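Chemist: Sequence:
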Amino acid sequence: MITTLLIIFIVGYLLIASEHVLGVNKATFALIMCALLWAVYSLCSHDPNISTEMVEALGDTCEIVVFLIGAMTIVELIDRYGGFKILIDKIQASNKRNLMWILAFVAFFLSAVLDNMTTTIIMVMMLRRMLSDQKERWTFACIIVLAANAGGACLLSATSLPSCYG
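Quick note on numbering: the sequence shown equals residues 1 to 166 in the working numbering.
Honestly, the hints are just simulated from the structure, not real lab data.
Bear in mind the structure is a predicted one, so any value in this text is a computation, not a measurement.
Every clue listed holds true.
Taking CB as the label site, the calculated pair distances span: (1) Cys142 - Met72: 13 to 23 Å; (2) Arg137 - His20: 19 to 29 Å; (3) Thr61 - Asp89: 31 to 41 Å; (4) Asn98 - Gln134: 17 to 27 Å; (5) Ile32 - Thr52: 19 to 29 Å; (6) Asn98 - Thr61: 33 to 43 Å; (7) Thr4 - Asn98: 48 to 58 Å; (8) Ser94 - Thr52: 52 to 62 Å; (9) Asn98 - Thr52: 52 to 62 Å; (10) Asp60 - Ala39: 11 to 21 Å; (11) Thr73 - Ala35: 20 to 30 Å.
Backbone N, C-alpha and C fix where the C-beta goes; we use that ideal spot for every residue, glycine too.
Whole structure, please, built from the sequences with the hints as guidance.
Modeler: Here is the structure:
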């Protein structure tokens, strides 16, 4: 059974890696690989708790999907009502270095209000409208991800400190 699972995983991984050559989206291969792995595991293992394990795995996946739907809804609402344009018009940077610092600062504090993923999505959407060079966007996106995660971690540590007032 382990050998079969490894073979399915390796073949699936190779298909995902060859997405551009085959012209098929990697999500298709990932879903097929996942279904095959679960099917082989459930048929070949004689685990009495397999249904519980599958429900837990499906529940974890559904949590992620619902979370991303909520995050993308926020981004779409901001985009629909011109929020990105308003924010971009307010950002005044004399050069790219200042722009990077401004975006990192905004991402850091925005992640305290929103979660890290939503903040990153919002900031990258703004970035796509501000910079045309893809290499620069990648660099700025990396900084945004770091700033959003640092802001979320900072907020988490600040709220988990014991209260000084009793």
